[in-house]
Amino acid sequence: MSRAKVGLFGSIKALADGLIITLKQFGGAFGGRNTATVQYPVKKLKMQERFRGLHRLERYTEGPFKGLEKCIGCALCAAACPAEVITVVAAENTEENRFSPGERYAVVYDMDMLRCIFCGMCTEACPTGAIVMKHDYELADDRRREPNKFMYHKEDLLDREFHW
Amino acid sequence: MARKPIEYVEIEIDGQAVKVPANQVVLWSARELGYDIPHFCAHRWLVPYGACRMCLVKVEAGGRMMPKLQTSCSLMPAEGMKIWTKDPEVIQARREQLEFHLLNHPLECPVCDKGGECMLQDQTRDHGMGEGRFREQKRIRPDASMNPYIRLNYKRCIHCKRCVNYASDIDGSYFLQFVDRGAETYIESFDDPAAAPRFSGNVIDMCPVGALTAKSYRFTMGRPWEQELKPSIGALDSVGANIWLNARLGDVARIVPRDNPTVENGMLDDATRFGWEFIEDPRRLTRALVRGEEETRVSRLAGETEAGRILGRIVNEHGPGSVGLLAGAGLNTEEYLALKLFAGRVLNTSYYNLGDCMSSIEVPDDATLATVGSGFTTIEGILNAATVLTLGCDLFEEAPSLGLRLDIAARRGLLRLLNARSQQSGIDRFAELSLDYPFGGLLRFVRGLTNALTGQGEVPPEVTPLAERLRQAGEDCAIVCGDEVWLSEDPPTVLKALAALREAIAQASPDTKAVYLNPVYKSVNSAGALLVNCFERLTDGRLEGVTAPVGCLGKVLEAAAAGKLKALVIFDKDVLVRYQHRDVVEKALKNVEAVIYCGAFPNATSERAHVHLPLGTWAHREGFVINLEWRVQKRLVASIDSVAPSVLDVVNGIAAAMGQSPVAADLPALRAQLARVIPGLPTNTLDDLPDQGLPFSPKPPALDRLKASTDLPAEVAAPDGQLLLTPKRFLYNDREEIRFSRVFDKIPKPFYAFLNPADAAKLGVSDGEWIGLGGGHELELPVQLAAWVRPGSVVVNDYYLAQPANRLAGAAPAAVAVKKLAGVGKD
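Line by line, the protein sequences give chains V and W. Each residue of the first sequence is one higher than the one before, starting from 1 at the first, in the numbering used here. Each residue of the second sequence is one higher than the one before, starting from 1 at the first, in the numbering used here.
If we strip away everything but chain W, and leave its shape as in the complex, we get:
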């Protein structure tokens, strides 16, 4: 809402006149100013609750002393108010209140995991009595498991209700509840074994005592003060949650949020928080794999020599442009530059594609780059917008922290949330309007909406209610689009349609000053990959000896399938499962002479490679990561014993084996080169980059006016007896962070065919029965009935190695035959 400017009022704290924001309770204002007011139940995410009575202050308001002490966590300041935080009466009240908190709290700090980072411990030291007078039996209740990640040490609980309030007001899953009353109150989890927890781990941080503890950290991972912390970036979404990677004795111990209020605000999803075991997993490739007559494990050097020998021969025999290079979006920005240099100078090819979002054939044109490279806003900007329109994305799955923050803002009425995508999603619950359309109909929907706003062209009836609301979009409006753009046949076309929609909203809504478009990218560094891939047009930078890519992922794969490319070099991208056209990839992998794969873990694509070279996980490689708001963030190597090569090490090794000079001497040199190539990059060293990152603005080509098409594509519908196959991105899928972390083994992962109950009834299947999708039963999956599925479609996980969705669906949208399978999977 482009929030109203903050009004300040003058109050007096401990005899000192201060100005504090009028819309903030005294507790936070006073703490920001350095007055130490202890508190337990108050939390910056939560609304005031006033349970713990630790934040009592003496107040004089309107010239009269308030008769009793007031809780500052629920006290709004008023002009001329006087507050005392160190009055003897206040100090006495705190001491006595704290004694009550400690009545049933066991004095087992040496055993407790929270010891060292415990609010109760700190406050007892600062404000406590020093000695307890309670000699009676303390309350005892056995420990309990709250969900697969969290264990409750019941006896330590002080009933501050933070976690319960979080589960109801923030998370909205209500997974924790108070049961019983008085001193016998205890926390019970309404744990649904079929539901995978998504934001539950945050209660571990919120708990002011050691009651809620992480099972994976419990006791075995050392004490908080023994941890070695390294700033890093969560790898699961393009928000790039800021995390501390804790390590002890050379092993990763846990992940805790770094509390960057502008990025993720400390709200980590469980997959990011608990997904670290893969870093040290023994299945990670530490030596190279060479597949000749038989599979042999050789040293990394020998593997690189073999790769260099193969590539050298192919480049010599077939000349320039005979090798294709693909890279996923899990790499760091400077590593993309290394790959670009490697492709241009060593492999001498312009068939390369970095990143995973633009899976189209042609390189994104100027209009597309202008759409993604300008007109975006920050995450704060999205949250402060008057109206937020999410299009084609399920933010709870694709960018959980952003989704949760939007959800909270919508619940508190701070913004109007409008959703449109192919299925219902969790974020709909507080939205003003939620529409759905058949999967693959995003382009039709966006153009129809644009037409409705501009009054030109055909208008499908379903967009009208949304268009009406967008005509009063308020002061500013943010469009957030997501996975359905990247899954569409031609992402640039959809992006341009979205740009046209942006202009249409700006014109149709008279009091709207700004309309932003923020795509939620597929991976953590998709923006960095796009930046390096197309830096010739996204920045003013130039690089000698490297040509721009001739095409996108589709172009490279098609050239390989057509036999034009003789070898494929793939960095950390499971292209066989993740590219929509599996047949093209199959053909490409078959038709090239050699496939060199470089990645930390085996996957479907690496199984087909002739040489599989090891690569570090993101915890082993340092560098810049650029998130969806184009914020340059830094990721450092964890303090762990295992070492693994970076992309630069690998390409230098291959280049050396080919008799070529290295693409860069080392990572700092590469970073310096990156800053030269991309003018405007805020820094050229990791040391200069502050932990919270710095914003960056690409300079995309300027465009006069977008010539948007108003033609509506045909409506997507499945023929009778068939269902529309809808691959959907889920938080829990088969990516290596989740597949190779044992903690997720207990999580029910969404590897199902989700069916609307109406469709299931028609097919005569029920929960847990198996169905075959496609004419030849290309996919066989157990059914889960879900009311959120749009009738007429079947939703499957888009990354499931055992049953990859792209076995069907040459191109989305695809209608598939569905048949109940008898006697399959009844184990």
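Just chain V, same shape as in the assembly:
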């Protein structure tokens, strides 16, 4: 397309069209309609259901095992993990001290979130649906060494309160 064919008026119109969008969006940032900017951290987005955020270890909420951990300490999540995030140490349930339905439970379940790439393989590998990925994404911290937020232990992941 040559410039002569557009003409002067066409050029100005094109400029104005673009500028109007800019102004619309600019206005939107101050609370107008049609906004794409979210006022984070004042306002937070609701993530899609499929979003892969921070992990959580689940419990049975109903049925005969209600209240028990779903995790059986099989370490298949650790085997599936491409980034070697997860460390599981299992132990045997006793009648007095029962954590999970079967014989085995995880006595240690550590996740090193500095390594995690949020690929979701652990949730796919889990045979009991014990580990799921929820929508938390605020995982930063200003310390690398413990105590920090990056090393998640079992008690951090289990019964974890979620922000939204």
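It is worth saying that the hints were derived from the structure and are not from the lab.
Covered stretches of chain V, going by a simulated chain W footprint (3 or more residues, C-beta under 8 Å):
no., stretch
1, 70-79
2, 92-105
Label-pair distances were calculated between CB atoms; the ranges are:
no., chain 1, residue 1, chain 2, residue 2, range
3, V, V108, W, P261, 32 to 40 Å
4, V, R143, W, D666, 33 to 41 Å
5, V, T123, W, L107, 14 to 22 Å
6, V, V108, W, F190, 34 to 42 Å
7, V, E95, W, K68, 44 to 52 Å
8, W, D281, V, V108, 16 to 24 Å
9, V, H153, W, G130, 31 to 39 Å
10, V, L45, W, D666, 57 to 65 Å
Ideal Cβ positions, reconstructed from N, Cα and C, are used throughout, including at glycine.
We have chain V; now place chain W onto it with these hints.
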């Protein structure tokens, strides 16, 4: 039997013509050729059983199709036989059979310890239906303990009967049995609480599902794929069982066999398999102990400095030859070289002894070295011999895997087993002939036997039946001798007598082409220690600045007792308990100015040391280990967090403190030097040595003809009212691998005075009562009645720290007074 050459027949598998051995069932031949035939109940150790029906194949034999599918695990090949392993009919049969196996098998692979190394899991993936159709209640039965090591997850059992067949056909202890029938069949253990299990752990490997699991590994040690494996060598006997040392998260997790068919064939004894907890035991010395006015713990460096200061002063003041050095047989071969260099160049002494077998006074002479360094055969060679004569050893206790393999061969009639030793032993059960003689009478027995075969000299009547059988020894004959040689007053004399016996058999038995003599050494690397100790004469190698030892263990200790030596340096050898003459050791430890002990754990000798330096266990130190067939094997450091010094680190540290240069820069340099010193060593690096090891042949001095004495020593007999004290080596004793591993706490250890019931009746004692041995009750032990004890003797464990047998017995054989103790040990 120098087995008959294998005949091959030509058969057709899946349309392909192949040659397979005629004496092997089709299953194994086909699997060796790469045809995947699934199976559960068949195992290479076991005879065909045909329970699981997974190995079904379609067969055409003699031109006719067999009407039904056949189990290939029990099918012998015949010329022209045709076999189909991938026929639709076969595949269908497998799928349906596998569905039956899975009927009662719980689908809890994520929980199961076997998950990841499970045959059922693998085969279900390869041949299974993908989905079960069984909706009913599965069979449930609670778990049970089979013995102190093993737990049965009953619901996972698929009734393949491998473990039961193992317990009856291989182990021979019948500790597992099937009870009840049909789907309700379950395994019950006939567990005798008084008997210590010896080979039970192998059923854990054999179990194709996760039914039999190790209690020590159960759940807590991670999954199979998470283990870091390092090849190593079991430390409990001189067979040197090949093991994988599994570690996870920096801790040892378990030991599994490495399945070296030429060495231990995957048959581990329980002490080797379960004895790993000591590696990480908190009682292991990690810092040095210095005992001056009081006992202080200092850093390893400070300990080495202190040791170097003491030794430097003594060497300066008293000149060469003022320090004695002793080393046990748990070290690696290159570490012996480091010690030899340390003795020669740093301590400037020729009073040193490496290893534990030759506890005599003088250095073994040429004839002795020729006896041990030539004329031996491999473990395979022993098992393939037509006749095997075990002399003075209880192989089930001293070299369990070799003993078990010999036992199986004798049971299956593959060889003639002849035994002679001071007590009956477990290996007698399938022997053609078993003789016993009083403890200490080995030399008399061997010479008498030789005389009977050569027809010269005096012949005691008891050897005649053995001599008759040895006159028809078959194509080849292997003599296996053991602990009674090393416990005798002068092992070289006995070894030379055995060499003479070897020649006598070769001459007396006309169709015998070869007679071998294989001593079973006391420890895992005794052969390596002997090799380095006497390498000047066992090889062509030379080493500058190092003189040959002036004597053996006895000589060093006697020189120390006589005040000739001013200091003793002892590496990993509990000499106070393990040397027969306790009085000499006591005197030696008292008369020297300083005792420097280096070892991983405290023991009776280290308690007397002025400086106790830390040393790694065998899992912390890498190197070459040489077993009883002179196979050089490798041992690597386990992938564990704890680090501990090697012998080289310690001697270099002491040398530095004495102002001397290190004996070698590092272990690879030391290994390279070892290969220079010992020509013919198959490799000079650990990397080049294959995992299964390489054979090595020492070059002992050539001898024309042995001039053997035909004189019989006097018959050993205890005077009236006394019993013959017989120290015996047991698998479970007080060695540190067992003492510091908690798993063995539950095992009933043989710390008893074993008495023949007839003697016990005479003394009026019964099981569990205590007796005092010796005039002043030097040993006080509970009695256990045992029919295997020779009447007139009392058998005690040769390594029991609380009641060491060498408190009595200046020299074996010793007759001791025995008295019943009233009111002792009735707690």
